[in-house]
Amino acid sequence: MNINIPTPLRSFTGGQSTVSVPGATVAEALEALTGAYPELRQNLYSAEGKLRSFVNIYLNDDDVRYLPKKDATPVEESDELSIIPSIAGGCCCR
Amino acid sequence: MLKLTYSDYAALRAHGEETYPHECCGVLLGHAAPAGNTVCELVRAGNTRTDSAHDRYNIAPEELIRTQRQARKRGLDIVGFYHSHPDHPAQWSSTDFAEAHWVGCSYVITAVAEGKAAITNSFLLAGTNEEDKEFLDEPVEIVVNEVESEQEPQHERGIV
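Taken in sequence, the protein lines are chains Y and C. Counted from 1, the first sequence has number 43 at position 44 by numbering that gives the first Met the number 0; the numbering is strictly sequential. Counted from 1, the second sequence has number 33 at position 34 by numbering that gives the first Met the number 0; the numbering is strictly sequential.
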C-alpha cells in the first residue's frame, strides 16, 4: 500500500512524497515504513513508543484513532495511508 | 524567502478581515526549493476552534487530507499556512510555536486591527524535528500578477 509523506518528513524518506510498503494492517504498514526509514520513528513516535499527539494517521479518509480496530485495522493494497501533522495555533498565551 | 503573487497576498489578508474578530486560516500550495517556498495557490480553510476562534485556530486533518490530495493531482505541495491575529501583532506566539510541526513550511501571520488588515509577516519553521525546530523571520517577495502589472499594490507590504 502507499503511504503519503507530508512535506516536513520527506527529508527522512529521500524526498519521496509517497512510499510503497507491505503490510496486512495499519500497524504493519507503519512498521514497514519506519523499518525502511528509521529516522522517521522519532518524528512519529514518542520515546515511549506512542504516536505523538500532533501526528494524525488517516486510512483513506478515516482517522485511525477512531477506527474500531485502530491500528490493527486490516488494509488492502489499494488503500492509502496519510501522515498529517496537525495545524493549529493562536495569537496569544493564556 | 517566501514568494507569492499579489492576488494571493491580498486574498489572505482579505480573509483575515472577513473573519474578524475571529482568526482565519488557510493552506499555501506551491513548490519548495532550497531558496524558499513559492506559493502557487491559496486554499481557505475553516477554523474548527469555534470555542475560541478569536484567539485560536485549527485546521481539521480531514480538510488537510483533501487539500493535499487535490494539490498532488496538480503537482503542488503544501508549502505553508496562514492565519490572522485579530488585534494582536503579526508575530508568532508561544502557542503558534508549540503547535507548529511542519518543518520547512512557511507560517504567514496577518495582524488585523479593528477589522483592517495591517502587517503581514512570514516565519519559516526551520530545523529537522520537534526538538530543534525554530521560527525564523522570512522575507516575503510579492510578485505582481501580469494582469495586475499596471496596478501598484495598495497595501503596505509586510516586512520581516
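A hint or two may mislead.
To be verified - Have a look at the derived ranges for each label pair, beta carbon to beta carbon: (1) C:Glu140 - Y:Pro21: 43 to 49 angstroms; (2) C:Pro88 - Y:Gly14: 43 to 49 angstroms; (3) Y:Asp78 - C:Leu135: 19 to 25 angstroms; (4) Y:Ala35 - C:Val143: 26 to 32 angstroms; (5) Y:Gly34 - C:Ser93: 23 to 29 angstroms; (6) Y:Pro73 - C:Gln69: 35 to 41 angstroms; (7) Y:Pro73 - C:Gln90: 46 to 52 angstroms; (8) Y:Glu30 - C:Ala34: 35 to 41 angstroms; (9) C:Ser6 - Y:Ser77: 17 to 23 angstroms; (10) C:Glu133 - Y:Leu66: 33 to 39 angstroms; (11) C:Gln90 - Y:Gln15: 33 to 39 angstroms; (12) Y:Ser77 - C:Asp131: 36 to 42 angstroms.
None of these hints come from the bench; they were simulated from the model. Owing to the predicted nature of the structure, the values given are computational and were not obtained by experimental measurement. A virtual CB, placed ideally from N, CA and C, is assigned to each residue, including glycine.
Hints, verified against the model:
For the pair C:Glu140 and Y:Pro21, the beta carbons lie near 44 angstroms from each other, so the given range of 43 to 49 angstroms is met. Checking the proposed 43 to 49 angstroms range against C:Pro88 and Y:Gly14 shows it is violated: the Cβ atoms sit about 36 angstroms from each other. For Y:Asp78 and C:Leu135, the hinted distance range of 19 to 25 angstroms is not satisfied, since their beta carbons lie about 38 angstroms from each other. Taking 26 to 32 angstroms as the suggested C-beta distance range, the pair Y:Ala35 and C:Val143 does not conform, at roughly 45 angstroms.
The hinted range of 23 to 29 angstroms is not satisfied by Y:Gly34 and C:Ser93, whose Cβ atoms lie roughly 36 angstroms apart. For the hinted restraint 35 to 41 angstroms between Y:Pro73 and C:Gln69, the CB-CB distance of approximately 28 angstroms leaves it violated. The hint said 46 to 52 angstroms for the Cβ distance between Y:Pro73 and C:Gln90, and at roughly 47 angstroms that hint holds. Roughly 37 angstroms separates the CB atoms of Y:Glu30 and C:Ala34, a value that falls within the hinted 35 to 41 angstroms.
Against the hinted window of 17 to 23 angstroms, the Cβ-Cβ separation of C:Ser6 and Y:Ser77 comes to about 39 angstroms, which falls outside the hint. Between C:Glu133 and Y:Leu66 the C-beta distance comes to about 35 angstroms, which sits within the given range of 33 to 39 angstroms. At roughly 35 angstroms, the beta-carbon separation of C:Gln90 and Y:Gln15 lies within the given 33 to 39 angstroms, and the hint holds. Roughly 38 angstroms separates the CB atoms of Y:Ser77 and C:Asp131, a value that falls within the hinted 36 to 42 angstroms.
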